[in-house]
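Chemist: This is what each chain is made of:
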Amino acid sequence: MKPSIEKLAEKGFLFSALFSVSITILIFFFMVFFSFPLFKGGDIAKFFTLEWNPYESGFGIVPMMAGTGIIALLALLIATPFGIGCSALISVFSTGYFGRFLRKVVEFMTGIPTVIYGFVAIFLLVPFIREIFEKGTGMCVLSASIMLALLILPTIILFISNAFNAVPKNYLDAADSLGATPAQKLVYIIIPLAWKGIISALVLAAGRAVGDTLISLMIAGNALQIPKGLSDAARTLTAHIALIIASDYESPEFKSIFVCGLILFIFTTLIILALRLLGYLKILRNR
Amino acid sequence: MNRFVEYQIKLFCWISGIILICTIGILLAFLLHKGFSSLNLPLIFGETRPLDGLFLKTRVVDGLFPAIVGTLLLILTSIIWAIPTGVAAGIYLAEYCNEKWKPGFNLLLDILAGIPSILIGLFGFAVSVFLHKHLSEHIYPCFLISSLALACLVLPYIIRTTEQSLVNLPFFIKTTGLALGASRLQNILLILIPYNLSRIISGIILAIGRCAEDAAVIMLTGAVAMAGIPDSLLSRYEALPFYIFYISSDYNSQEELMKGFGACIILLLICVFLFALSHILKRRAAKRFAIHI
Amino acid sequence: MKKIKIRINNLNCFYKKKPVLKDLKGEMEEKAITTIIGPSGVGKTTLLMAINRLYESIPDCRVEGKVEIKLNTKYIDIHKLPVTDLRKKVGMVFQVPNPLPMSIFKNIAFPLKLSGIKDKEYIKEKVEQALKDAFLWDEVNDRLNDSALELSGGQQQRLCIARAMIMQPEVLLLDEPTSSLDMEAALKITELLKNLKGKCTLLVVSHYTSLTKEISDNVLTLKDGCLKITENSKIVDESSVAN
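Those sequence lines, one after another, are chains A, B and C.
Counting the first sequence from 1 gives a position; my numbering is that position plus 1356.
Counting the second sequence from 1 gives a position; my numbering is that position plus 92.
Mapping of the third sequence onto my numbering: position 163 corresponds to residue 157, and the numbering continues sequentially without gaps.
FYI, nobody ran anything at the bench for these hints, they're computed from the structure.
Glycine included, every Cβ here is placed at the ideal spot set by N, Cα and C.
Treat the hints with caution; some may be incorrect.
Straight-line Cα separation of at most 30 Å, DSBU-like style, residue types lysine-lysine; simulated pairs [said to hold, decoys possible]:
#, chain 1, residue 1, chain 2, residue 2
1, A, 1525, B, 102
2, C, 222, C, 16
3, C, 74, B, 266
4, A, 1367, B, 102
5, C, 11, C, 217
6, B, 266, C, -3
7, C, 10, B, 266
8, C, 107, C, 120
9, A, 1363, C, 74
10, B, 102, A, 1363
11, A, 1525, B, 225
12, B, 266, C, 112
13, B, 374, A, 1552
14, C, 64, B, 192
15, C, 217, C, 10
16, C, 193, B, 126
17, A, 1363, C, 100
18, A, 1552, B, 102
19, B, 266, C, -4
20, C, 118, B, 266
21, C, 10, B, 194
One-sided and incomplete, this derived list gives chain B residues near chain A with beta-carbon spacing under 8 Å [as the list claims (entries may be wrong)]:
#, residue
22, 184
23, 191
24, 200
25, 217
26, 218
27, 223
28, 227
29, 263
30, 342
31, 343
32, 361
If we strip away everything but chain A, and leave its shape as in the complex, we get (with noise of 0.2 Å):
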């Protein structure tokens, strides 16, 4: 092949490049670049108090803030014991059928749309939760921090079983050659072998159920206020932002939103670093 030709490839390739990584500085910059009016006028300090109100320029955030924490700590707390324990029996315990199928079902999981999980959430679950707390809409943090558990459930199995499956087999051999059972090979030795993915997995999951909008817009209640219970209806970042996007263009309530973006794009930011931290952003590329 001719070497211009060559050249000219290299070319397209680098462009490619350069445009790809050049989407994520774009979107910092217009994040900054619609907030920053707010920023300058000096009355950044208003969205971090708790009022929302726009009519009397309220546009505290400090509500949205703490129910995206609440909702996704809740749902990380639900699933992490399931996650170790799927994941230990899908690559300690049952190595044969069951295990096999178990990681299959896990792996379609991943393939169903976040949309459908909240629409079956709110004609299944949600009815529930309102029989047992027996007031409100039964649409509460609770219901939301389910679905959203039940959400990032595969990513921490997947990725707690392929930490798990790195260990190093003469380590295992070593390990059954002494007797052990799997039980206590997984105490023993897997886990904290693997401690450095599990918490990976749990970083990666974080990530994922702060982000995620469909759940909590569907079922969290979107209630503008802190959470007090479970049974409270709660409002997230990413839900604020599909709620107010509607608005008119230029009133400061649109510009919000553009705050939570910030706040959203910085924390994925912290995400991506602690999880570099950590070293197990390998794994993840090459899933």
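Add chains B and C to chain A, keeping to what the hints say.
Modeler: Below, chains B and C without anything else, positioned relative to chain A:
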């Protein structure tokens, strides 16, 4: 560790596995049970005659047909944007990028892959606002903006699968062509890419799946409940995920709700089909490697 | 006086700043089989890759010094040739047979395709000739369109030799071409190499000493980063020391 604790650990793992499978089983069973009865031609075409609707002779008003077509068109357009850019960028990262730049590229791409989809939607929306103010009054959130935003959403996945499949090739395969006198570009186009085609395609299909299921991006960038089949890149459109979301919050009758369940099943079928296809291709790629090594 | 095909002068090779080859000097005779032996991990493969500049695609590998190859009676520095031209003149066969995942015919014709040759009749003729040269024609002439991956290991390796020979290279580098094969297949390859001697200069990296002894015209030992000429009769001793 005594026997009792061991037994409990094992029991816990089995219980969590079984609960997970039961939950998914109940979820799917509920969906099928509710939606199965509504799966018929009127669900898709409403009161229009199916063939007329299919060939766009009559506008389908109360069926899912526009939403299905909208979703498919959206997937197609986004993928047309994303594939060339993604594959080219993947090739660059795997074959050309020097070590000094790589960490920077990697960090930015990892962030892009991790960004919540609503942010991509917000970005698309902001771009359309920006263009509306500075370029043309006629630009609103629309089909074009949606497809571009979705392309941004799936771009990192396509880049990564391309890059990884090229990087993970054994050294002797990478050098076979070079040793025969192939230039760098010839080696990439004639050996590395064909060798990895099924893997790259499997990654692309997973990306298509993400385009099909995503609701957060499109609800910010131009999907609406009633628009019919889009007639230009600048028009608004319907899509299945948005339709499902819309029905869930705003249904007026039992009949509409049933249509929502029907839409769920159709979307699920599309996603599961794409997912299975990608899985099969990945398997085949793995087998091919196994024979060769 | 021997005719010299390749001259190596002060060749230094580094992998991640660790020197692999130090101040290497050596000469390879034209139209003869030169065998390079030596303990494993001493840099024999690196030496071959320095000759066809394949080291350039190994990350963290750096080569200094001069390697010259005689083309039309003139010695030319390999770094002054375009790399793709060089590799068409210096073919290479690897330790593990590496047919590409395409048909037997397309595999052999692949280098022609790289050179942009489109004449179908010419390609057909060339492929047939290359397969005959590699003693493979009789075994595969009725299934040229089958996948090359279905061939046996020995057949695959001969296919790779045929593929490397189709461009009529001046030098053929072979990196332990028989070590992944069974005895019978290895013997066939050895036979084939003897036959190729008249056509081009062969440089074989090997540790099969009995094979080495039988076919080599010259034997060089690579040890501690240096090349030494070894008398043919002494090979057995060398290897018994090495093992």
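Chemist: Now look at each hint and say whether the structure bears it out.
Modeler: Right, here's what the structure says about each hint:
Proximity of residue 1525 of chain A to residue 102 of chain B is assessed by CA-CA distance (about 21 Å); at most 30 Å being required, the pair is judged to hold. For the hint pairing residue 222 of chain C with residue 16 of chain C, the CA-to-CA distance comes to about 13 Å; that is within 30 Å, so the pair holds. Restraint check: the Cα-Cα separation between residue 74 of chain C and residue 266 of chain B comes to about 24 Å, which is no more than 30 Å; the hinted pair holds. For the hint linking residue 1367 of chain A to residue 102 of chain B, the alpha-carbon distance of about 56 Å lies beyond 30 Å, and the restraint is violated.
Of the supplied pair hints, the one linking residue 11 of chain C and residue 217 of chain C holds, its CA atoms being roughly 19 Å apart against a limit of 30 Å. Distance hint between residue 266 of chain B and residue -3 of chain C is unfulfilled; the C-alpha atoms sit about 34 Å from each other, more than 30 Å. Note on residue 10 of chain C and residue 266 of chain B: the hinted pairing holds, with a Cα-Cα distance of about 20 Å set against a maximum of 30 Å. With a C-alpha separation of about 12 Å, the suggested pairing of residue 107 of chain C with residue 120 of chain C holds against the 30 Å cut-off.
For the proposed pair residue 1363 of chain A and residue 74 of chain C, the alpha carbon gap of about 19 Å is at most 30 Å, so the pair holds. For the suggested pair residue 102 of chain B and residue 1363 of chain A, the alpha carbons sit about 59 Å apart, so the restraint of at most 30 Å is broken. Of the supplied pair hints, the one linking residue 1525 of chain A and residue 225 of chain B is violated, its CA atoms being roughly 61 Å apart against a limit of 30 Å. This hinted pair checks out: residue 266 of chain B and residue 112 of chain C have alpha carbons roughly 25 Å apart, not beyond 30 Å.
Note on residue 374 of chain B and residue 1552 of chain A: the hinted pairing holds, with a Cα-Cα distance of about 27 Å set against a maximum of 30 Å. Distance check on the hinted pair: residue 64 of chain C and residue 192 of chain B sit about 38 Å apart at the alpha-carbon level, beyond 30 Å; violated. Under the criterion of a C-alpha separation no larger than 30 Å, the hint pairing residue 217 of chain C with residue 10 of chain C is consistent with the structure, at around 20 Å. Restraint check for residue 193 of chain C and residue 126 of chain B: not satisfied, since their Cα atoms lie roughly 77 Å apart, outside the 30 Å limit.
Among the hinted pairs, residue 1363 of chain A with residue 100 of chain C is consistent with the structure: their alpha-carbon atoms are about 27 Å apart, no more than 30 Å. The hinted pair formed by residue 1552 of chain A and residue 102 of chain B meets the criterion: a straight-line CA distance of about 22 Å does not exceed 30 Å. For the hint pairing residue 266 of chain B with residue -4 of chain C, the CA-to-CA distance comes to about 36 Å; that exceeds 30 Å, so the pair is violated. About 27 Å separates the Cα atoms of residue 118 of chain C and residue 266 of chain B, which keeps this hinted pair within 30 Å; it holds.
The suggested pairing of residue 10 of chain C with residue 194 of chain B holds, with an alpha-carbon distance near 18 Å, which does not exceed 30 Å. Hint status for residue 184 of chain B: holds, given a least beta-carbon distance of 4 Å to chain A, under 8 Å. At about 15 Å, the closest approach between the beta carbon of residue 191 of chain B and any beta carbon in chain A exceeds 8 Å, and the interface hint on this residue is violated. The interface hint given for residue 200 of chain B is met, as the beta carbon of that residue sits about 4 Å from the closest beta carbon of chain A, less than 8 Å.
Taking 8 Å as the C-beta cut-off, the interface hint given for residue 217 of chain B holds, the closest approach to chain A being about 6 Å. A distance limit of 8 Å between C-beta atoms decides the matter here; for residue 218 of chain B the minimum to chain A is near 5 Å, and the interface restraint holds. For the restraint placing residue 223 of chain B at the interface with chain A, the shortest Cβ-Cβ distance is roughly 12 Å, beyond the 8 Å limit, so the hint is violated. A cut of 8 Å between beta carbons decides the hint on residue 227 of chain B: the least distance to chain A is about 15 Å, and the hint is violated.
For the restraint placing residue 263 of chain B at the interface with chain A, the shortest Cβ-Cβ distance is roughly 18 Å, beyond the 8 Å limit, so the hint is violated. For residue 342 of chain B, the interface hint is violated, since its Cβ never comes within 8 Å of a Cβ in chain A; the closest pair sits about 12 Å apart. Contact between residue 343 of chain B and chain A, as hinted, is not supported at the beta carbon level, the nearest pair being about 10 Å apart and thus beyond 8 Å. A hinted interface residue such as residue 361 of chain B counts as satisfied when its beta carbon comes closer than 8 Å to some beta carbon of chain A; here the least separation is about 11 Å, so the hint is violated.
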